[in-house]
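Engineer: Here the numbering used here is used: the first residue of the sequence shown is 36, the next is one more, and so on.
In case anyone wonders, no lab produced these hints; they're calculated from the structure.
Built from N, CA and C at the ideal position, the CB exists for glycine as well.
Take the hints with a grain of salt, since some may be wrong.
What the hints assert, rightly or not - List of simulated lysine-lysine pairs, DSS-like, C-alpha gap at most 27 Å:
{"#": "1", "residue 1": "K134", "residue 2": "K147"}
{"#": "2", "residue 1": "K147", "residue 2": "K182"}
{"#": "3", "residue 1": "K242", "residue 2": "K254"}
{"#": "4", "residue 1": "K147", "residue 2": "K164"}
{"#": "5", "residue 1": "K134", "residue 2": "K297"}
{"#": "6", "residue 1": "K100", "residue 2": "K182"}
{"#": "7", "residue 1": "K242", "residue 2": "K214"}
{"#": "8", "residue 1": "K92", "residue 2": "K242"}
{"#": "9", "residue 1": "K182", "residue 2": "K92"}
{"#": "10", "residue 1": "K147", "residue 2": "K92"}
{"#": "11", "residue 1": "K216", "residue 2": "K134"}
{"#": "12", "residue 1": "K254", "residue 2": "K134"}
{"#": "13", "residue 1": "K164", "residue 2": "K216"}
{"#": "14", "residue 1": "K147", "residue 2": "K216"}
{"#": "15", "residue 1": "K182", "residue 2": "K157"}
{"#": "16", "residue 1": "K164", "residue 2": "K100"}
{"#": "17", "residue 1": "K182", "residue 2": "K216"}
{"#": "18", "residue 1": "K100", "residue 2": "K89"}
{"#": "19", "residue 1": "K134", "residue 2": "K164"}
{"#": "20", "residue 1": "K216", "residue 2": "K157"}
{"#": "21", "residue 1": "K92", "residue 2": "K134"}
{"#": "22", "residue 1": "K214", "residue 2": "K254"}
{"#": "23", "residue 1": "K147", "residue 2": "K89"}
Claimed, not checked - Just the calculated beta-carbon pair ranges, DEER-fashion:
{"#": "24", "residue 1": "P180", "residue 2": "G233", "range": "16 to 26 Å"}
{"#": "25", "residue 1": "G130", "residue 2": "G292", "range": "30 to 40 Å"}
{"#": "26", "residue 1": "K92", "residue 2": "A251", "range": "29 to 39 Å"}
{"#": "27", "residue 1": "T342", "residue 2": "T111", "range": "30 to 40 Å"}
{"#": "28", "residue 1": "E303", "residue 2": "A138", "range": "23 to 33 Å"}
{"#": "29", "residue 1": "E328", "residue 2": "M230", "range": "34 to 44 Å"}
{"#": "30", "residue 1": "M319", "residue 2": "G245", "range": "16 to 26 Å"}
{"#": "31", "residue 1": "K157", "residue 2": "A122", "range": "47 to 57 Å"}
{"#": "32", "residue 1": "M230", "residue 2": "K297", "range": "14 to 24 Å"}
{"#": "33", "residue 1": "A248", "residue 2": "L86", "range": "30 to 40 Å"}
{"#": "34", "residue 1": "P180", "residue 2": "A122", "range": "18 to 28 Å"}
{"#": "35", "residue 1": "D103", "residue 2": "G233", "range": "30 to 40 Å"}
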Amino acid sequence: MSDLDDFSKTLPKLETVDAEAIPVGLEPGSGSAKLKFGENSGRKKNIPKGLWTKCGKCSELIFDKDLDENLKTCTTCGYHFPISARARLESLVDGGSFKEMDAGMASVDVLKFTGVASYPSKLERYQEKTGESDAVITGVCQMGPHKIALGIMDFSFLGGSMGSVVGEKLTRLIEAGTKSKIPVVIISTSGGARMYEGMFSLMQMAKTCGALAYHAEAKLPYISVLTHPTTAGVMASYASVGDLIIAEPGAMIGFAGPRVIKDTTQAELPPGFQTAEFLLDRGMIDAIVPRNEMRDSLVGYLDFLTTGKAKPKARRAAKKKAS
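Please construct the entire structure, taking both the sequences and the accompanying hints into account.
Structural biologist: Structure follows, in C-alpha coordinates:
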(Lines of atoms letter the chains of each structure in order from A and count residues from 1; the text may use other names and numbers.)
(Lines give C-alpha, C1' and ligand atoms only; values in the text may rest on other atoms or scores of the structure.)
Protein backbone atom coordinates (compact mmCIF):
# COMPACT_ATOMS: atom_id res chain seq x y z
CA MET A 1 0.00 0.00 0.00
CA SER A 2 1.38 3.37 -0.97
CA ASP A 3 1.59 6.46 1.20
CA LEU A 4 -1.08 8.01 -1.04
CA ASP A 5 -3.50 5.20 -0.20
CA ASP A 6 -2.92 5.74 3.52
CA PHE A 7 -3.58 9.47 3.13
CA SER A 8 -6.81 8.83 1.23
CA LYS A 9 -8.21 6.86 4.16
CA THR A 10 -7.88 9.90 6.44
CA LEU A 11 -10.01 12.17 4.22
CA PRO A 12 -13.64 12.79 5.28
CA LYS A 13 -16.30 11.17 3.19
CA LEU A 14 -18.04 13.60 0.81
CA GLU A 15 -21.81 13.60 0.65
CA THR A 16 -23.74 14.15 -2.53
CA VAL A 17 -25.61 17.47 -2.58
CA ASP A 18 -28.85 17.93 -4.43
CA ALA A 19 -28.34 20.70 -7.00
CA GLU A 20 -31.88 21.98 -6.43
CA ALA A 21 -31.01 22.64 -2.78
CA ILE A 22 -28.28 25.13 -3.69
CA PRO A 23 -29.52 28.73 -3.23
CA VAL A 24 -29.81 30.77 -6.42
CA GLY A 25 -26.67 32.81 -6.98
CA LEU A 26 -24.44 30.42 -5.02
CA GLU A 27 -24.04 27.73 -7.65
CA PRO A 28 -20.45 27.00 -8.80
CA GLY A 29 -19.13 29.58 -11.24
CA SER A 30 -21.81 32.12 -10.37
CA GLY A 31 -19.23 34.56 -9.01
CA SER A 32 -21.41 35.15 -5.95
CA ALA A 33 -20.42 32.16 -3.86
CA LYS A 34 -18.14 34.18 -1.58
CA LEU A 35 -19.82 36.43 0.95
CA LYS A 36 -18.10 39.65 1.86
CA PHE A 37 -17.04 40.19 5.45
CA GLY A 38 -19.97 41.45 7.50
CA GLU A 39 -22.64 40.16 5.08
CA ASN A 40 -25.18 37.50 5.95
CA SER A 41 -26.63 34.85 3.68
CA GLY A 42 -29.36 36.98 2.21
CA ARG A 43 -31.27 38.17 5.27
CA LYS A 44 -30.95 41.94 5.30
CA LYS A 45 -31.39 43.79 8.56
CA ASN A 46 -33.89 46.61 8.32
CA ILE A 47 -32.05 49.46 10.10
CA PRO A 48 -34.03 52.74 10.05
CA LYS A 49 -32.22 55.76 8.65
CA GLY A 50 -31.63 58.89 10.68
CA LEU A 51 -30.76 57.15 13.93
CA TRP A 52 -26.96 57.25 13.84
CA THR A 53 -24.29 59.71 12.71
CA LYS A 54 -20.63 58.89 12.06
CA CYS A 55 -18.14 61.30 13.64
CA GLY A 56 -15.98 63.05 11.06
CA LYS A 57 -12.95 62.92 13.35
CA CYS A 58 -12.92 59.65 15.31
CA SER A 59 -15.40 57.69 13.11
CA GLU A 60 -17.47 56.74 16.17
CA LEU A 61 -21.15 56.02 15.50
CA ILE A 62 -23.26 58.35 17.65
CA PHE A 63 -26.94 57.94 18.43
CA ASP A 64 -28.61 61.03 16.94
CA LYS A 65 -30.58 61.69 20.12
CA ASP A 66 -27.34 61.78 22.13
CA LEU A 67 -25.74 64.02 19.50
CA ASP A 68 -28.61 66.52 19.71
CA GLU A 69 -28.56 66.50 23.51
CA ASN A 70 -24.82 67.22 23.40
CA LEU A 71 -25.35 70.23 21.09
CA LYS A 72 -23.99 68.43 18.02
CA THR A 73 -20.62 67.57 19.57
CA CYS A 74 -19.16 64.07 19.50
CA THR A 75 -19.63 62.27 22.81
CA THR A 76 -16.31 60.47 22.32
CA CYS A 77 -13.76 62.97 20.94
CA GLY A 78 -15.56 66.32 21.27
CA TYR A 79 -15.66 67.01 17.52
CA HIS A 80 -18.02 69.91 16.77
CA PHE A 81 -20.56 69.18 14.03
CA PRO A 82 -22.25 72.04 12.15
CA ILE A 83 -25.27 73.41 13.97
CA SER A 84 -28.08 75.67 12.80
CA ALA A 85 -28.40 79.24 14.00
CA ARG A 86 -31.75 78.45 15.67
CA ALA A 87 -30.33 75.47 17.58
CA ARG A 88 -27.40 77.58 18.73
CA LEU A 89 -29.76 80.36 19.78
CA GLU A 90 -31.80 77.94 21.88
CA SER A 91 -28.66 76.75 23.68
CA LEU A 92 -27.54 80.26 24.64
CA VAL A 93 -30.44 82.51 25.59
CA ASP A 94 -32.99 82.41 28.37
CA GLY A 95 -36.16 80.72 27.18
CA GLY A 96 -38.67 83.04 25.53
CA SER A 97 -36.50 86.14 25.90
CA PHE A 98 -35.32 86.49 22.29
CA LYS A 99 -36.99 89.30 20.35
CA GLU A 100 -35.95 89.01 16.72
CA MET A 101 -35.13 92.06 14.61
CA ASP A 102 -35.64 92.50 10.85
CA ALA A 103 -36.82 88.91 10.41
CA GLY A 104 -38.34 89.50 6.97
CA MET A 105 -35.41 91.35 5.42
CA ALA A 106 -34.22 89.56 2.25
CA SER A 107 -31.63 90.22 -0.45
CA VAL A 108 -32.41 91.48 -3.96
CA ASP A 109 -30.60 90.79 -7.23
CA VAL A 110 -28.76 94.08 -7.68
CA LEU A 111 -26.30 92.86 -10.34
CA LYS A 112 -28.82 90.96 -12.51
CA PHE A 113 -26.00 88.57 -13.41
CA THR A 114 -27.11 85.37 -15.13
CA GLY A 115 -25.13 82.17 -14.61
CA VAL A 116 -25.99 78.49 -14.46
CA ALA A 117 -28.56 79.41 -11.81
CA SER A 118 -29.81 82.91 -11.06
CA TYR A 119 -29.18 84.60 -7.73
CA PRO A 120 -32.92 84.89 -6.93
CA SER A 121 -33.36 81.15 -7.53
CA LYS A 122 -30.47 80.39 -5.17
CA LEU A 123 -31.95 82.65 -2.51
CA GLU A 124 -35.33 80.98 -2.84
CA ARG A 125 -33.79 77.50 -2.59
CA TYR A 126 -31.81 78.30 0.56
CA GLN A 127 -34.75 80.11 2.15
CA GLU A 128 -36.83 76.95 1.70
CA LYS A 129 -33.99 74.74 2.92
CA THR A 130 -33.18 76.68 6.10
CA GLY A 131 -36.41 78.50 6.88
CA GLU A 132 -34.41 81.73 7.20
CA SER A 133 -34.60 84.88 5.05
CA ASP A 134 -30.80 85.20 4.96
CA ALA A 135 -27.58 84.02 6.59
CA VAL A 136 -27.95 85.75 9.97
CA ILE A 137 -30.57 86.09 12.69
CA THR A 138 -30.41 89.08 15.01
CA GLY A 139 -32.27 90.27 18.06
CA VAL A 140 -32.21 91.34 21.69
CA CYS A 141 -32.33 88.71 24.43
CA GLN A 142 -31.51 87.84 28.01
CA MET A 143 -28.45 85.73 28.82
CA GLY A 144 -28.40 85.14 32.54
CA PRO A 145 -28.37 88.55 34.23
CA HIS A 146 -27.36 90.32 31.01
CA LYS A 147 -29.52 91.87 28.32
CA ILE A 148 -27.55 91.68 25.07
CA ALA A 149 -27.82 92.33 21.34
CA LEU A 150 -27.14 88.95 19.71
CA GLY A 151 -26.36 88.01 16.12
CA ILE A 152 -25.87 84.40 14.96
CA MET A 153 -24.79 83.43 11.45
CA ASP A 154 -25.92 80.25 9.70
CA PHE A 155 -23.41 78.53 7.40
CA SER A 156 -26.13 76.40 5.81
CA PHE A 157 -27.50 79.52 4.07
CA LEU A 158 -25.17 80.11 1.08
CA GLY A 159 -22.11 79.31 3.16
CA GLY A 160 -22.91 82.03 5.68
CA SER A 161 -21.84 84.59 3.09
CA MET A 162 -22.21 88.27 3.93
CA GLY A 163 -24.35 90.21 1.49
CA SER A 164 -26.14 93.53 1.86
CA VAL A 165 -28.84 92.04 4.11
CA VAL A 166 -26.37 90.37 6.49
CA GLY A 167 -24.39 93.60 6.75
CA GLU A 168 -27.51 95.71 7.24
CA LYS A 169 -29.00 93.42 9.90
CA LEU A 170 -25.73 93.32 11.84
CA THR A 171 -25.30 97.09 11.59
CA ARG A 172 -28.84 97.68 12.88
CA LEU A 173 -28.18 95.19 15.68
CA ILE A 174 -24.98 96.97 16.74
CA GLU A 175 -26.68 100.38 16.59
CA ALA A 176 -29.56 99.04 18.70
CA GLY A 177 -27.04 97.77 21.25
CA THR A 178 -25.31 101.14 21.34
CA LYS A 179 -28.60 103.02 21.71
CA SER A 180 -29.79 100.71 24.50
CA LYS A 181 -26.33 100.69 26.14
CA ILE A 182 -26.06 96.89 26.14
CA PRO A 183 -23.26 94.51 25.06
CA VAL A 184 -23.14 93.05 21.55
CA VAL A 185 -22.34 89.37 20.92
CA ILE A 186 -21.92 88.10 17.35
CA ILE A 187 -21.36 84.42 16.56
CA SER A 188 -19.77 84.04 13.14
CA THR A 189 -19.48 81.24 10.61
CA SER A 190 -18.90 82.34 7.05
CA GLY A 191 -17.06 81.84 3.79
CA GLY A 192 -16.79 85.62 3.35
CA ALA A 193 -18.45 88.31 1.26
CA ARG A 194 -21.23 87.16 -1.09
CA MET A 195 -19.93 87.28 -4.66
CA TYR A 196 -23.45 87.51 -6.13
CA GLU A 197 -23.70 91.09 -4.85
CA GLY A 198 -20.24 92.32 -5.86
CA MET A 199 -19.17 95.63 -4.32
CA PHE A 200 -22.40 95.86 -2.32
CA SER A 201 -21.29 92.89 -0.22
CA LEU A 202 -17.71 94.16 0.17
CA MET A 203 -18.95 97.49 1.55
CA GLN A 204 -20.64 95.65 4.43
CA MET A 205 -17.15 95.13 5.88
CA ALA A 206 -16.73 98.88 6.31
CA LYS A 207 -20.33 99.45 7.43
CA THR A 208 -20.28 96.87 10.22
CA CYS A 209 -16.87 98.00 11.48
CA GLY A 210 -18.04 101.61 11.46
CA ALA A 211 -21.00 100.72 13.66
CA LEU A 212 -18.70 98.81 16.03
CA ALA A 213 -16.39 101.83 16.25
CA TYR A 214 -19.28 103.94 17.56
CA HIS A 215 -20.18 101.10 19.95
CA ALA A 216 -16.60 101.12 21.28
CA GLU A 217 -16.67 104.92 21.68
CA ALA A 218 -19.69 104.45 23.94
CA LYS A 219 -17.47 102.15 26.06
CA LEU A 220 -19.77 99.18 25.53
CA PRO A 221 -18.41 95.61 25.17
CA TYR A 222 -18.45 93.53 22.02
CA ILE A 223 -17.70 89.78 22.12
CA SER A 224 -16.91 87.98 18.88
CA VAL A 225 -17.36 84.19 18.78
CA LEU A 226 -15.68 82.37 15.87
CA THR A 227 -17.02 78.98 14.78
CA HIS A 228 -16.02 76.65 11.97
CA PRO A 229 -15.33 78.12 9.49
CA THR A 230 -14.86 81.88 9.83
CA THR A 231 -12.92 83.21 6.87
CA ALA A 232 -12.36 85.90 4.23
CA GLY A 233 -14.32 89.18 4.41
CA VAL A 234 -16.13 88.33 7.64
CA MET A 235 -12.89 87.49 9.45
CA ALA A 236 -11.28 90.58 7.93
CA SER A 237 -14.00 92.83 9.36
CA TYR A 238 -16.33 92.62 12.36
CA ALA A 239 -15.31 89.10 13.47
CA SER A 240 -11.74 90.16 14.31
CA VAL A 241 -12.35 93.41 16.21
CA GLY A 242 -14.04 92.15 19.37
CA ASP A 243 -13.00 93.29 22.83
CA LEU A 244 -12.92 89.56 23.49
CA ILE A 245 -12.51 86.96 20.72
CA ILE A 246 -13.58 83.39 21.51
CA ALA A 247 -13.48 80.34 19.24
CA GLU A 248 -14.91 76.84 19.26
CA PRO A 249 -12.39 73.96 19.28
CA GLY A 250 -10.98 73.06 15.88
CA ALA A 251 -12.55 76.00 14.06
CA MET A 252 -10.86 77.06 10.82
CA ILE A 253 -10.12 80.78 11.06
CA GLY A 254 -8.35 82.91 8.48
CA PHE A 255 -8.61 85.08 5.38
CA ALA A 256 -7.52 83.05 2.35
CA GLY A 257 -7.63 79.27 2.53
CA PRO A 258 -4.49 77.20 3.17
CA ARG A 259 -4.38 75.87 -0.41
CA VAL A 260 -4.40 79.39 -1.85
CA ILE A 261 -1.70 80.54 0.59
CA LYS A 262 0.48 77.52 -0.17
CA ASP A 263 0.16 77.98 -3.93
CA THR A 264 0.93 81.70 -3.65
CA THR A 265 3.88 81.53 -1.26
CA GLN A 266 5.23 78.14 -2.40
CA ALA A 267 5.97 77.40 1.26
CA GLU A 268 5.01 74.52 3.50
CA LEU A 269 2.44 75.57 6.09
CA PRO A 270 2.97 74.61 9.76
CA PRO A 271 0.84 71.84 11.30
CA GLY A 272 -2.54 73.05 12.52
CA PHE A 273 -2.31 76.24 10.46
CA GLN A 274 -5.44 78.43 10.69
CA THR A 275 -7.06 76.34 13.44
CA ALA A 276 -8.39 77.92 16.63
CA GLU A 277 -5.66 76.20 18.63
CA PHE A 278 -2.95 77.57 16.31
CA LEU A 279 -4.30 81.12 16.68
CA LEU A 280 -4.65 80.84 20.46
CA ASP A 281 -0.99 79.83 20.80
CA ARG A 282 -0.02 82.97 18.87
CA GLY A 283 -2.27 85.43 20.67
CA MET A 284 -4.72 86.00 17.81
CA ILE A 285 -7.71 84.93 19.89
CA ASP A 286 -8.37 85.06 23.62
CA ALA A 287 -9.96 81.71 24.45
CA ILE A 288 -11.28 78.42 23.11
CA VAL A 289 -14.61 77.37 24.58
CA PRO A 290 -16.48 74.11 23.82
CA ARG A 291 -20.02 74.58 22.58
CA ASN A 292 -21.66 73.00 25.62
CA GLU A 293 -19.80 75.45 27.89
CA MET A 294 -20.35 78.54 25.75
CA ARG A 295 -23.35 80.01 27.58
CA ASP A 296 -21.77 79.83 31.05
CA SER A 297 -18.49 81.21 29.73
CA LEU A 298 -20.21 84.10 27.94
CA VAL A 299 -22.10 85.00 31.11
CA GLY A 300 -18.81 85.02 33.04
CA TYR A 301 -17.07 87.17 30.41
CA LEU A 302 -20.01 89.59 30.34
CA ASP A 303 -19.83 89.83 34.15
CA PHE A 304 -16.22 90.90 33.84
CA LEU A 305 -16.68 93.28 30.89
CA THR A 306 -19.68 95.05 32.40
CA THR A 307 -18.74 95.14 36.10
CA GLY A 308 -15.03 94.36 36.17
CA LYS A 309 -15.75 91.39 38.41
CA ALA A 310 -16.24 87.86 37.16
CA LYS A 311 -17.89 85.22 39.29
CA PRO A 312 -15.25 82.84 40.74
CA LYS A 313 -16.49 79.86 38.72
CA ALA A 314 -16.51 81.82 35.48
CA ARG A 315 -13.10 83.32 36.26
CA ARG A 316 -11.57 79.89 36.77
CA ALA A 317 -13.20 78.60 33.59
CA ALA A 318 -11.87 81.55 31.61
CA LYS A 319 -8.39 81.03 32.99
CA LYS A 320 -8.54 77.32 32.16
CA LYS A 321 -9.64 78.00 28.58
CA ALA A 322 -6.83 80.47 28.01
CA SER A 323 -4.10 78.19 29.42
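Engineer: Compare the structure with the hints numbered earlier in the document and write down the numbers of the violated ones, lowest to highest.
Structural biologist: 1, 2, 5, 6, 8, 9, 10, 13, 14, 15, 20, 21, 23, 24, 28, 31, 33
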